[in-house]
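Participant: Each chain, written out:
There are 2 protein chains.
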Amino acid sequence: MTDIVVLVSGGGTNLQAIIDRIEDGSLKDVRIKAVISNNKNAGALERANKHGIDALCVSPADYKDRPDFEEGLLKAINDMTPDLIVLAGFLVVLPKQIISEYKNRIINIHPSLIPSFCGKGFYGLKVHEEALKRGVKVTGATVHFVDEGTDTGPIILQKAVEILPDDTPEVLQRRVMEQAEWVLLPEAIGLIAAGRVEIKDRRTVIR
Amino acid sequence: MTDIVVLVSGGGTNLQAIIDRIEDGSLKDVRIKAVISNNKNAGALERANKHGIDALCVSPADYKDRPDFEEGLLKAINDMTPDLIVLAGFLVVLPKQIISEYKNRIINIHPSLIPSFCGKGFYGLKVHEEALKRGVKVTGATVHFVDEGTDTGPIILQKAVEILPDDTPEVLQRRVMEQAEWVLLPEAIGLIAAGRVEIKDRRTVIR
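Protein sequence lines correspond, in order, to chains A and B. Each residue of the first sequence is one higher than the last, beginning at 1 in the working numbering. Each residue of the second sequence is one higher than the last, beginning at 1 in the working numbering.
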């Protein structure tokens with residue numbers, strides 16, 4: 001069994017995709033130990049509760065300073081002894097200590113085909129705004145391991161999504177979620193749980 | 001009828017794709033007025049001859065300096081009075097004067113999903129080497145209008161191509177050609193010839 005902790009700041013549709021794949025049996029040998037949010041109003045916490053999954057809020061507002069919050073977040077994660085940490089729309093820059101303690105055991109989903117439209121400043125709707133502004137005809141999503149950089153870690157899976165003439169950032173965001181993110185994230189977790197993802201330099205090999 | 005001039009430095013497989021689509025009738029109302037190469041040994045010139053198309057070599061070696069060569073190239077193009085200039089693997093940086101005289105009437109094919117793996121230094125096999133080094137799982141090709149920058153003009157068409165575990169740069173290059181370049185370039189020429197491509201700021205709208 002692979003125990004995962006899902007970190008999320010918002011509504012949690014990617015979390016829902018993972019829950020759905022576990023419940024329908026297509027994502028095997030994976031258990032969500034807890035969902036942790038930095039935001040107590042995150043819809044993701046409700047989703048977790050509804051499915052009987054531990055839901056924790058670790059908010060900067062409840063800590064005296066940033067190092068204190070980071071320590072609290074690390075402790076909350078360590079308490080769950082996860083095999084894998086899944087960032088599913090987590091808008092907090094992950095503390096360096098967590099990245100180093102969980103090296104090659106943290107994955108993130110990004111709503112573009114990295115290396116396009118990624119790095120500092122590219123998150124959420126902004127990614128799609130920039131893709132439309134540049135006028136690309138194809139975008140997509142990427143699941144990758146998290147390293148010290150922003151969106152620079154080894155890529156596990158990518159899926160292309162077509163951009164249509166009348167797309168707004170919101171419409172495009174939704175299509176990228178439906179066609180790519182909700183498919184790729186459970187798939188990547190399943191591949192890792194099955195021991196099929198090997199990291200070689202900055203690349204991954206799926207066996 | 002839309003008259004095009006194809007500029008090419010190498011073997012000319014993209015040129016061949018255009019010729020094939022004209023000859024099989026799927027690319028209508030388009031005529032190749034001439035093929036121009038900077039390299040007298042370019043296989044593309046042979047292909048042109050074989051299909052009864054004017055084949056010209058405009059080589060820097062035959063001119064006293066760079067401005068003289070650029071003037072010769074512009075004259076060779078102007079003599080053909082093209083509606084559209086197609087760069088199909090042309091490894092010469094296009095002179096500014098040609099870009100301004102033929103504004104929005106020059107297109108290029110690039111073997112990646114722009115803005116990934118493009119810009120100065122990214123041409124030919126190098127593009128695929130860099131994509132494999134970064135470990136992306138999806139690449140592709142882009143047809144775009146040529147402006148003063150390198151690969152910065154409005155994008156007309158893009159097509160994604162999957163990267164496979166055992167790909168070498170050469171194998172990947174061939175797959176991107178077969179699955180994307182040879183499809184996209186004739187398709188883009190057809191759309192332009194049919195008046196279906198409109199440029200809006202840095203974007204195109206296909207009607």
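It is possible that part of the hints are untrue.
In this list, chains with the same sequence are indistinguishable; a pair is considered to hold if it fits within one copy or across any two.
[Stated by the list, open to error] Subject to a maximum C-alpha distance of 25 angstroms in a straight line, what follows is the list of computed DSS-like cross-link-like pairs (lysine-lysine):
no.: 1; residue 1: LYS103; residue 2: LYS133
no.: 2; residue 1: LYS50; residue 2: LYS64
no.: 3; residue 1: LYS200; residue 2: LYS50
no.: 4; residue 1: LYS64; residue 2: LYS75
no.: 5; residue 1: LYS133; residue 2: LYS200
no.: 6; residue 1: LYS40; residue 2: LYS50
no.: 7; residue 1: LYS126; residue 2: LYS200
Hints were generated in silico from the structure; no laboratory data involved.
Participant: I want to check one pair: LYS40 and LYS50. Are their C-alpha atoms no more than 25 angstroms apart within a copy, between two copies, both, or neither?
Facilitator: Classified as within: same-chain Cα gap 16 angstroms, cross-chain 71 angstroms, threshold 25 angstroms.
Participant: Give the relationship of LYS103 and LYS133 under a CA distance limit of 25 angstroms: within one copy only, between copies only, both, or neither.
Facilitator: Between copies only: 21 angstroms across, 35 angstroms inside.
Participant: Measure nothing new, just compare the shortest in-copy and cross-copy C-alpha distances for LYS126 and LYS200 to 25 angstroms and report within, between, both or neither.
Facilitator: The answer is between: 21 angstroms across copies meets 25 angstroms, while 31 angstroms in one copy does not.
Participant: Should LYS50 paired with LYS64 be assigned to within, between, both, or neither, using CA atoms and 25 angstroms as the limit?
Facilitator: neither (31 angstroms within a copy, 78 angstroms between copies)
Participant: Can you tell me if LYS200 and LYS50 fall within 25 angstroms by alpha carbon in one copy, between copies, both or neither?
Facilitator: Neither, since 39 angstroms and 47 angstroms both go past 25 angstroms.
Participant: 25 angstroms Cα cut-off: does LYS133 pair with LYS200 within a copy, between copies, both or neither?
Facilitator: between (35 angstroms within a copy, 11 angstroms between copies)
Participant: For LYS64 and LYS75, with the copy left unspecified, which applies at a CA distance of at most 25 angstroms: within, between, both, or neither?
Facilitator: Answer is within: at 16 angstroms inside a copy they meet the 25 angstroms cutoff, but 72 angstroms across does not.
Hints 2, 3, counting from the list given before, are not met by this structure.
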